[in-house]
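Going down the list, the sequences are from chains A and B.
The opening residue of the first sequence carries number 1 in the numbering used here; numbering runs sequentially from there.
The opening residue of the second sequence carries number 1 in the numbering used here; numbering runs sequentially from there.
Certain hints may be false.
Below, computed lysine-lysine pairings styled on DSS-like, alpha-carbon distance capped at 25 Å [claimed, not checked]:
no., chain 1, residue 1, chain 2, residue 2
1, A, K108, B, K44
2, A, K108, B, K62
3, B, K62, A, K49
Simulated from the structure, these hints should not be mistaken for lab results.
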Amino acid sequence: AQSVTQPDIHITVSEGASLELRCNYSYGATPYLFWYVQSPGQGLQLLLKYFSGDTLVQGIKGFEAEFKRSQSSFNLRKPSVHWSDAAEYFCAVGRYSGGGADGLTFGKGTHLIIQP
Amino acid sequence: NAGVMQNPRHLVRRRGQEARLRCSPMKGHSHVYWYRQLPEEGLKFMVYLQKENIIDESGMPKERFSAEFPKEGPSILRIQQVVRGDSAAYFCASSPPSGNNSPLHFGNGTRLTVT
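Bound-form chain B, shown alone (with noise of 0.2 Å):
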């Protein structure tokens, strides 16, 4: 059985073009989160999706960045414009449909470099 596949494992993007990380979660899971890993710190919650539908972003910044989990294919967060504080480990982790009591498995994480 697949893990959760986050691709790619390092992204390099120069700063003001996107940075598109993909997620495919564990098969049978239907619920997706990403979290961000600043150097030196925990892991930061920013946003809870199902299929086609976010269900919290409360942890987002409020421009630049999006997510989306369609119907087929991976989840993808998007930064557009990117800048150098966006350097930083973004990890995604899914459950299963019963969501909310069932444990989280994470991925390896794509490490974003600004230069």
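This is chain A alone, in the form it adopts within the complex (with noise of 0.2 Å):
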């Protein structure tokens, strides 16, 4: 069975530093990888999503992140966060590039906060 780890629960950061999410995950093919954002009250926003090809991928507003089959990781970054970058953050796994049967398999989340 699939399953997404992202072992820190809350992550605080100053603003304009730089940033790394970190997300493992355990797949029994080559899945697809996701990052969604959830800002308070909202739903999930796409941020990228890997499947095959270059392992570094860039996503929308400034992200970015890397696949590491060896160490079974996603993890994301930022250069430089900005206030606006304080939410929730998913890392996602599936069998297909939406959702497909089975749906996609989301870790617990790791809460940002931006420090001034």
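With the hints as a guide, bring both chains together as one complex.
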């Protein structure tokens, strides 16, 4: 069975500092990997996704993520965070690019706090 | 273009009542997914529907929960005889007919509180 682990429940970063959010997954085949962001009271917005090709993928809002097969990781990074990046971030894995049968499997999320 | 519309945004029910959550997918989308988010948890897949068909309901509790996506109108997630443990945020997502390889678009969710 697939699973996603986000080891950090909360992360606090100063505005302008760099950010890395960790994600490890367990999956039987080559999965699609996703990062979503959820602002308070809102739905989820897709930041980026990976299936194959270049292991460094670029997303919206200046985010990027690197797929490392040997570590089963898909960490999210941003060189310089802004106060508006404060939100909940979810890593997800799935058999298809969209939901498909089985849907997506999500991690428990990392709550990002930005200090002024 | 309207996104995925869910209503109501907030729903309060007493134990034993029924909850009906509605989801109107994005225009042109015929695939709908329901997810549940318990407090301090990630989203858990519940059910995947296409028009008039349930494709995968492996994440649905066996009792009290049902979902439909009729030919006309929104998708409905129905919870009968609600209990406190049903309190959660319920999110709907949709994708176009190409389905499996089209990204999901999520609604803003319905937050159900059972008192």
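Evaluation of the provided hints:
In summary, the hint linking A/K108 to B/K44 is supported, as the alpha carbons are separated by about 10 Å, within the 25 Å threshold. This hinted pair checks out: A/K108 and B/K62 have alpha carbons roughly 23 Å apart, not beyond 25 Å. This hinted pair does not check out: B/K62 and A/K49 have alpha carbons roughly 32 Å apart, beyond 25 Å.
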